[in-house]
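Turn these sequences into a full structure, and let the hints steer you where they fit.
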Amino acid sequence: MSDMAATRDGYGQALLEMAGDEKVVVLEADLGKSTKSVIFRKAHPERTISCGIGEQNMMLIGAGLASSGYKPFASTFAIFTERGFEQVRNGIARPNLAVHICGSHGGTHTGTDGGSAQSIEDLAIYRTLPNMTVMHPSDYLSAMSLTKQCLGLSGPSYMRTARNKTIKLYSDESEITIGKANILRHGDAVAIIACGVLVGESLEAAEALAAEGIEAMVLDMHTLKPLDNEAINRAVDTCGCLVTAEDHSVIGGLGGAVAEYVCANQPVPLEMVGVKDRFGESAQSDEMLEMMGLTSKHIAAAARRAIQRKENN
Amino acid sequence: MAEDCSISELEAKASRCRGEILRMTHRASAGHPGGSLSETDILVALYATKMRVDPANPKWPDRDRFILSKGHASPGMYAILEEQGFISKEDLKSYRVMGGTCQGHVDMKWTPGVDFSAGSLGMGLSYGIGCALAARFDGSERNAYVMLGDGEIQEGSVWEAAMAAAHHELGNLKVFVDCNRIQNDDFVENQMRMFDIAAKWESFGWAVREIDGHNMQEILDALDWFDGVGNKPAVIVANTVKGKGVSFMENNPAFHGAAPNDEQLGQGLAELGLIQ
Chain A
1 MSDMAATRDG
11 YGQALLEMAG
21 DEKVVVLEAD
31 LGKSTKSVIF
41 RKAHPERTIS
51 CGIGEQNMML
61 IGAGLASSGY
71 KPFASTFAIF
81 TERGFEQVRN
91 GIARPNLAVH
101 ICGSHGGTHT
111 GTDGGSAQSI
121 EDLAIYRTLP
131 NMTVMHPSDY
141 LSAMSLTKQC
151 LGLSGPSYMR
161 TARNKTIKLY
171 SDESEITIGK
181 ANILRHGDAV
191 AIIACGVLVG
201 ESLEAAEALA
211 AEGIEAMVLD
221 MHTLKPLDNE
231 AINRAVDTCG
241 CLVTAEDHSV
251 IGGLGGAVAE
261 YVCANQPVPL
271 EMVGVKDRFG
281 ESAQSDEMLE
291 MMGLTSKHIA
301 AAARRAIQRK
311 ENN
Chain B
1 MAEDCSISEL
11 EAKASRCRGE
21 ILRMTHRASA
31 GHPGGSLSET
41 DILVALYATK
51 MRVDPANPKW
61 PDRDRFILSK
71 GHASPGMYAI
81 LEEQGFISKE
91 DLKSYRVMGG
101 TCQGHVDMKW
111 TPGVDFSAGS
121 LGMGLSYGIG
131 CALAARFDGS
141 ERNAYVMLGD
151 GEIQEGSVWE
161 AAMAAAHHEL
171 GNLKVFVDCN
181 RIQNDDFVEN
191 QMRMFDIAAK
201 WESFGWAVRE
211 IDGHNMQEIL
221 DALDWFDGVG
231 NKPAVIVANT
241 VKGKGVSFME
251 NNPAFHGAAP
261 NDEQLGQGLA
271 ELGLIQ
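Protein sequence lines correspond, in order, to chains A and B.
Per the numbering used here, the very first residue in the first sequence carries number 1; after that it's consecutive.
Per the numbering used here, the very first residue in the second sequence carries number 1; after that it's consecutive.
Please note that the accuracy of each hint is not assured.
Unchecked claim - Calculated pairs, PhoX-like style, for lysine-lysine (alpha carbon to alpha carbon, straight line, at most 25 Å):
1. K59/B / K23/A
2. K23/A / K109/B
3. K42/A / K23/A
4. K225/A / K109/B
5. K180/A / K168/A
6. K180/A / K148/A
7. K59/B / K89/B
8. K23/A / K71/A
9. K23/A / K148/A
10. K276/A / K165/A
11. K276/A / K71/A
12. K71/A / K109/B
13. K200/B / K232/B
14. K225/A / K276/A
15. K71/A / K59/B
Simulated from the structure, these hints should not be mistaken for lab results.
Printed below as a string of structure tokens:
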């Protein structure tokens, strides 16, 4: 396999590899070819439930299955999971039923389909629900690993995957655990806390900063809830300033989550790279990241600002 | 487990349930008596003659499921659960009380015998599909019963579920629509005309039977009919009276979500033959 792969493929492959657990069932809403649950369906059509184009219904079918001892994995586009938000809230999260929801094609990176398809709020809204685990993996292998770990959760989860290929950051030996951030680069000048497709951009930014003599720590915060507070504490202690980076609104997402924690505990300068309270539009993925200010260049600039603020304190 | 009951025994049981509905809502000074009274005869017949459940083991995995999708009509549910021995008379006093077994809307985490946490309309049928599919995967004969309201089926998600149940040929999914003709603000006719409810379900691929939802014999016959419909999901469209059994509540939109006062409680219990 090349160095590039899509997180949605990691999700689909994980479903297939979990099929040995006969309680695993897969729910689709006419987007299995896109979310990659089709990989499971091809091998196990008898355990794949077509819900048609009906996301509200899909969420609660999952709840009914979970209450009866099954392990449902339901996927559609991130944006369409939101249509069933109240079903998720009242039918899944409140009774704490272990339904695992995957929203693919999240973020502006989704590209040319345009603003209607680019969910920039999914992580924020699911993070507000008690009992929910919320994840946004950065690469193929971490998506696969985190999906499989859902079987160990006693409650529901939401995972955002991305449509387009991103660079592979992990190997088969990597240890990836729900709720534990992965430090991908060490440094002491600034800590960049990123998720999803912006983890790769953050590593590029760190390289650019290193060329200027600035050593940045890079964390892959693949789990937004529960947030790895210990990792944030260490980053704060080591670096004294933070940057968050996400292909998501800065309101309520990773930036919001880190800000909530840091402000209430150990305030340090924090710069947020993310979508600035606006909707996307049609463009290629790289053009979208540029338009929204989400590239490695923007992350590096945010890092310099954070360091400047730290030094001014 | 299911019992054999005579019509008169079932009717007496229904009257006792109605009395508890009045007492619960009166005690709480809140709640939904109207839709509880309209669903009561069906709940009584179902629990007393059909439901494969065990009050001593309410989480028995192979039990039939009952999903009160119109979850605000919880007093009716609590009354039958008390009759069947899932909860106690003391539990009924906890209706809407902090820390109480009987939450405002039915809640599977709080009340033994409740299979779904409802309260937000339009959700129970989809959940029932999940339960019915699980039964099929398990190779079990168990059923998923769902109670909807006629106002509730204005929620579009109900029709997503109706399509899916027929598509997946869920003959173990058995639904009641409690057509009491009144919703929160007013008569259904004034809020959103439903036209021919039975025809709607039929056109979605369901087996349909219309009954008088207060005629115990018709209810029992319809429950037997459920068992013979084959691989189609089946729905009983039950014509009911909101507030049934209490004269001043019958067909009165004011008692959708209002409790009886002291005087009304006395009058209601007297009309039900529960006090002199």
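Each hint, compared with the structure:
no.: 1; hint: K59/B / K23/A; verdict: holds, 18 Å
no.: 2; hint: K23/A / K109/B; verdict: holds, 23 Å
no.: 3; hint: K42/A / K23/A; verdict: holds, 17 Å
no.: 4; hint: K225/A / K109/B; verdict: holds, 23 Å
no.: 5; hint: K180/A / K168/A; verdict: holds, 19 Å
no.: 6; hint: K180/A / K148/A; verdict: holds, 15 Å
no.: 7; hint: K59/B / K89/B; verdict: holds, 21 Å
no.: 8; hint: K23/A / K71/A; verdict: holds, 6 Å
no.: 9; hint: K23/A / K148/A; verdict: holds, 13 Å
no.: 10; hint: K276/A / K165/A; verdict: holds, 24 Å
no.: 11; hint: K276/A / K71/A; verdict: violated, 37 Å
no.: 12; hint: K71/A / K109/B; verdict: holds, 19 Å
no.: 13; hint: K200/B / K232/B; verdict: holds, 15 Å
no.: 14; hint: K225/A / K276/A; verdict: holds, 22 Å
no.: 15; hint: K71/A / K59/B; verdict: holds, 18 Å
Of the numbered hints listed earlier, the single one contradicted by the structure is hint 11.
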